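J.: With the sequences and hints as input, model every part of the structure.
Line order of the protein sequences matches chains A and B.
Read in order, the letters of the first sequence correspond to residues 319 to 436 in our numbering.
Read in order, the letters of the second sequence correspond to residues 221 to 330 in our numbering.
Hints were generated in silico from the structure; no laboratory data involved.
Keep in mind that this is a model prediction, so the values were computed, not measured.
Idealized CB from N, CA, C, for every residue including glycine.
Incorrect hints may have been included.
The following label-pair restraints were derived from C-beta to C-beta distances [as the list claims (entries may be wrong)]:
id, chain 1, residue 1, chain 2, residue 2, range
1, B, 327, A, 404, 22 to 32 Å
2, B, 270, A, 383, 35 to 45 Å
3, B, 329, A, 390, 43 to 53 Å
4, B, 278, A, 382, 24 to 34 Å
5, B, 296, A, 386, 20 to 30 Å
6, A, 336, B, 231, 41 to 51 Å
7, B, 288, A, 403, 41 to 51 Å
8, A, 383, B, 327, 38 to 48 Å
The calculated DSS-like cross-link candidates involving lysine-lysine, where the alpha carbons are at most 27 Å apart (straight line), are [said to hold, decoys possible]:
id, chain 1, residue 1, chain 2, residue 2
9, B, 301, A, 359
10, A, 332, A, 384
11, B, 322, A, 382
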Amino acid sequence: GAVVSQHPSWVICKSGTSVKIECRSLDFQATTMFWYRQFPKQSLMLMATSNEGSKATYEQGVEKDKFLINHASLTLSTLTVTSAHPEDSSFYICSATIAGGVAVDTQYFGPGTRLTVL
Amino acid sequence: GQSLEQPSEVTAVEGAIVQINCTYQTSGFYGLSWYQQHDGGAPTFLSYNALDGLEETGRFSSFLSRSDSYGYLLLQELQMKDSASYFCAVFYSGNTPLVFGKGTRLSVIA
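T.: Listed below in structure tokens is the structure:
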């Protein structure tokens, strides 16, 4: 089956620094990638939709200048948390859809990145 | 906005059957899916229903009633490893991001 990887799997950083998280589709091309955030014991909340070669679409309440998303190729999207603060500590999960796929079972999730900001 | 309702917690005995219900808003509904998530892990796809009826995959089955805006996940022959959070999620149109419910935490006890 299709595999999505994320790097790093976990990261601890100081407040005020920036952190980049990579999401890669390993064996398929992904025209669309989604970034989710999940706080402890809560649901996955969509942050943004990332389309290859175009600007990301952010959900209401998500600061696009704080959460920079780049989808430069069909296999890679990056999320950069700029000037991270403790309240940004969360589990960040990406998912990718196969190019041309429209069914729900063509959305594949990465293993997630746990960010802790001290 | 679009919202899904599912119970927050369910406890069941090993070997038993448990049903997790999910209701959703109908506007633009395309399909209902279920995901399993163990603590610290990412969601794992379990099933998808776009049409009314029951879909069976091993010990797990999923049901959808579009007229009732309702679906459920049925887990049979429960095992301890089934202890996890289960999320229903809806596609509201085509190739769009999933909208997740708040999740049901299933605890399987001996």
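J.: All hints are to be evaluated individually against the structure, with a verdict given for each.
T.: Verification of the hints:
1. B:327 x A:404: 22 to 32 Å: holds, 30 Å
2. B:270 x A:383: 35 to 45 Å: Once the Cβ atoms are compared, 38 Å apart, the range 35 to 45 Å for residue 383 (chain A) and residue 270 (chain B) holds.
3. B:329 x A:390: 43 to 53 Å: holds, 48 Å
4. B:278 x A:382: 24 to 34 Å: violated, 42 Å
5. B:296 x A:386: 20 to 30 Å: Given a distance of about 45 Å, which is not inside 20 to 30 Å, the answer is violated.
6. A:336 x B:231: 41 to 51 Å: holds, 42 Å
7. B:288 x A:403: 41 to 51 Å: holds, 44 Å
8. A:383 x B:327: 38 to 48 Å: Cβ of residue 383 (chain A) to Cβ of residue 327 (chain B): about 41 Å, so the range 38 to 48 Å holds.
9. B:301 x A:359: holds, 18 Å
10. A:332 x A:384: It holds: about 16 Å lies between the C-alpha atoms, which stays within 27 Å.
11. B:322 x A:382: With a Cα-Cα distance of about 25 Å, the restraint between residue 322 (chain B) and residue 382 (chain A) holds, given a limit of 27 Å.
Comparing the model with each numbered hint stated earlier shows that hints 4, 5 do not hold.
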